[in-house]
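Here is how the chains run, residue by residue.
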Amino acid sequence: MPHEDDAFPAQFAEEVRFAVSGPPPVPSPALAAVLAGGISAQPTAVHPNDKGDLLVTAASNVHGPASQAAGLPNWRNEREMSVSGGVFSGLLAKVAGIGTAAKAALATATAVTTIGLAGAAAGVLPGPAQTLVATAVNAATPFQLPGADGATGGAPQATGPLPHVDPPAVSVPSIPSLPAAPPVSVAASAKAGSSTASAGANAAVSPAAAPALPTPPGVPTLPSLPGLPAPVAGLVKNLPACVTNLVPAAGGVPDPAKLATQIQACIPQVLAAANLPTDVAKCVASVLGSIGGASGMSAGSVPGIGSLNVSACVPLDATKCVSNAMGAVGNLPGLPSGVPGIGSLPGLSNLPGLSSIPGLANVAGCVPMDVSKCITSITGALSSLPASGGAPKLDLSACMPTGVAGGAIPGLSGLPGLSGALPFFGK
Amino acid sequence: MAFKEPFQRVLAGAQADQPWAYERLYRDLSPAVCGYLRLRGASDPEDLTSEVFLGAFRGIRSFYGDEAGFRSWVFTIAQRRLTDERRANGRRPPRADEDLPERAGGDVEEEALRRLSADRVRSLCAGLAPDQGDVLLLRLVSGLTVEAVAGVLGKTEGAVKALQRRGLGALRRKLELEGVPL
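For the record, the sequence lines run as chains Y and G. Position one of the first sequence corresponds to residue 0 (numbering that gives the first Met the number 0), numbered consecutively onward. Position one of the second sequence corresponds to residue 0 (numbering that gives the first Met the number 0), numbered consecutively onward.
Just so you know, these hints were derived from the structure itself, not from any lab. Keep in mind the model is a prediction, meaning the values are calculated, not measured. Just so you know, even glycine gets a beta-carbon here, dropped at the ideal spot from N, CA and C. Treat the hints with care, as some may be off.
Stated by the list, open to error - Distance ranges between label pairs, derived from CB positions: (1) G:168 to Y:36: 46 to 52 Å; (2) Y:28 to G:63: 17 to 23 Å; (3) G:87 to Y:35: 26 to 32 Å; (4) G:178 to Y:39: 56 to 62 Å; (5) G:11 to Y:35: 27 to 33 Å; (6) G:156 to Y:9: 21 to 27 Å; (7) Y:29 to G:7: 35 to 41 Å; (8) Y:10 to G:142: 32 to 38 Å.
Claimed, not checked - Some residues of chain G that are not near chain Y, with every Cβ distance over 12 Å (derived): (9) 8; (10) 20; (11) 29; (12) 43; (13) 52; (14) 112; (15) 121; (16) 158; (17) 171; (18) 173; (19) 177.
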C-alpha cells in the first residue's frame, strides 16, 4: 500500500501529463530515413575521427612517442566564436572596395538600421516602420523580427518613399523540412518553422526588401548606392561620430574584431542620440543584449527570436491572449465548428518568452488591449471567408496593445534628419 | 501509452528491421520521451528525442523483455543523453538559441496551453534538487515503477523513494504557499 506522502499533488500531475501530451515530435532526417527504410538501408555510420586500426604498428611508436623538445604541447586556446568571424568578414570584403561616398551612405544606413532594428525587435515602431525594418532584417540577417502586426516575416507593405533596390546575392542555407503552408493567408504571414528556416524563406520570397549593401568589387551586375535618397545622405553629418568612423575614410581593410567592437560601442551612443523613453530603452537594451550574446551567426547557430527576452517590451501575455481569443472565436454562435485554417496558422504558438512574464501567467493576458475589438476583427475576417476558398484578410492590428501599434515613440522623431529620411516617423 | 498491437509482435518486427515497427514504437513512445526531455530543460528536445530513438533502434536486436522493460530501456537512453548534454553545457557557455521555438503543431490553442503547462511544471520543479525532479517527472511521464526508475537513474530503490518523498514534500510546500488545494 503506498504511503500517503507518496501521492502526487493532483494539479501537478495534471499539468505534467498535459505538458507531455501531443503528437510525436518531428524526427530528424536521420531518424526519418530509418522510419522509412529501416536501419539496414542506412549507410554504415563511421565516426569522423575513427580511422580504423592500423595494419601494422608505426615504427615511430614502437619505442613510445618521440621526446618533446619543448615540454608539454601547447594547447590551442578555446575561444568562443565571435560574430566577427561569420558575417563581418564577408561584409568587410565588400566595404573595402567601395568609394568614400558609398561608405558614408553605408554609415548612414548602419545608423538608421541600428535604431530601426532596436525598435523593430521591440515591436514598438510605428506600423509602416515596423514592417519596413522587420522585412529588411528578416531578409538580410538570421534574426527574426515581428512585423507591424506582430507576426514575423511579413511581406512588405507600405514602405514609404525608399527606392526599390535589387537585392545582392544572398546565399540561403538549405531548409530541411518546412511545415506546410497554411490553407489561409493573413495580412502578414505568421512565422513558420524554426527561425533558421524562416530566415531563409523570407530571403527567398521577399527579395525586394533586402537592404542596400554596397557593390562588391568585380560584380558588375549589382546596383550601386547613388540611388539613396538625399535625406538619407544628409543624415551623415548629424550622426554620432562613432557611426561615421565605422568605415575608415582613407580606405583599407578594417580589423573584423575591431569593427565588431566599434559597432557594439556605438549602439549606446546612437540610442542616446535618439533620446528613447526609459521603458523603450530598457526593452532595446534587453533585445540588443540578446543579439550581442549570440555566439556566431552561422546557419547552425542562428539565434531566433526565441532567444530574445522581450518580457521588458511587451506588457501582456500574448500567448495566453491569442489562446483565449482563439478559444472565444471557437465558441461564437453561428460559426461552423473547426473553421479551416485557424488552427494551422504556424507560428502563433511560437510566441517566445511572452508566457514567462513574471506575475502575468495567470492574468487573462489581454489586459492592455481591446479584447472585444480584437475578436470582432478576427470574427469579421472569418465571416467574410470567400465561398471559393480563397484567402481572407485577417487584420490583427486591433489585437496589439493599446497605444503601441499606432503611436510613434516619443523622442525618436527628435533624431536630426530621421523624420526627413523616413517620413512616417514622428507622425 | 500502451501499444495498440501486441508489443512482442512490434518488437519482433523492429528486430527484423521492419520500418512499420520502428514507426509504431516511435509514435507510441516519443511524445513522452520528448516531453520528459523538454521538462528537464533539454536545449533541443526534439533533436535529442531523435537521437534517443536512433540509439534504441540500432541496438534493439540486443533487447529482450516486455513493454515495461522496453519503456524503461528507452528512458534510460534518454536519461543518459540528457546527462551527457548537461555535462557538455557545463563545460561550454549556453547557446543563444537554447529557447528556439518548437515547430508548430496542428492545434494552435492546444500548443499554447501545452506550452503554458510546461512552463508551470518547470517553474514548480525549479525549486527541487535535480535528482528529485528527475524522479518525480520520470514517475509521472514514463509511468515507470520505483524499481524501474531506480534502474534508469542508476540508483537504489531506497534512494529513489527518498528522493521522491523529499521532492513531493518540497512540491507540496510550494503549492501550499500559492494557495493551491492539494
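Structure-based check of all given hints:
1. G:168 to Y:36: 46 to 52 Å: Hint holds: Cβ distance 50 Å, inside 46 to 52 Å.
2. Y:28 to G:63: 17 to 23 Å: About 30 Å separates the Cβ atoms of residue 28 (chain Y) and residue 63 (chain G), which means 17 to 23 Å is violated.
3. G:87 to Y:35: 26 to 32 Å: holds, 30 Å
4. G:178 to Y:39: 56 to 62 Å: holds, 57 Å
5. G:11 to Y:35: 27 to 33 Å: At 20 Å between Cβs, range violated.
6. G:156 to Y:9: 21 to 27 Å: Once the Cβ atoms are compared, 25 Å apart, the range 21 to 27 Å for residue 9 (chain Y) and residue 156 (chain G) holds.
7. Y:29 to G:7: 35 to 41 Å: violated, 27 Å
8. Y:10 to G:142: 32 to 38 Å: violated, 19 Å
9. 8: holds, 17 Å
10. 20: Residue 20 (chain G) is in fact no farther than 12 Å from some Cβ atom of chain Y, at 9 Å.
11. 29: violated, 4 Å
12. 43: violated, 10 Å
13. 52: Residue 52 (chain G) is in fact no farther than 12 Å from some Cβ atom of chain Y, at 6 Å.
14. 112: violated, 6 Å
15. 121: violated, 9 Å
16. 158: holds, 15 Å
17. 171: The claim is violated: residue 171 (chain G) sits with its nearest Cβ about 6 Å from chain Y, within 12 Å.
18. 173: violated, 9 Å
19. 177: Contrary to the label, residue 177 (chain G) does not stay out of reach of chain Y, its closest Cβ about 10 Å off (not over 12 Å).
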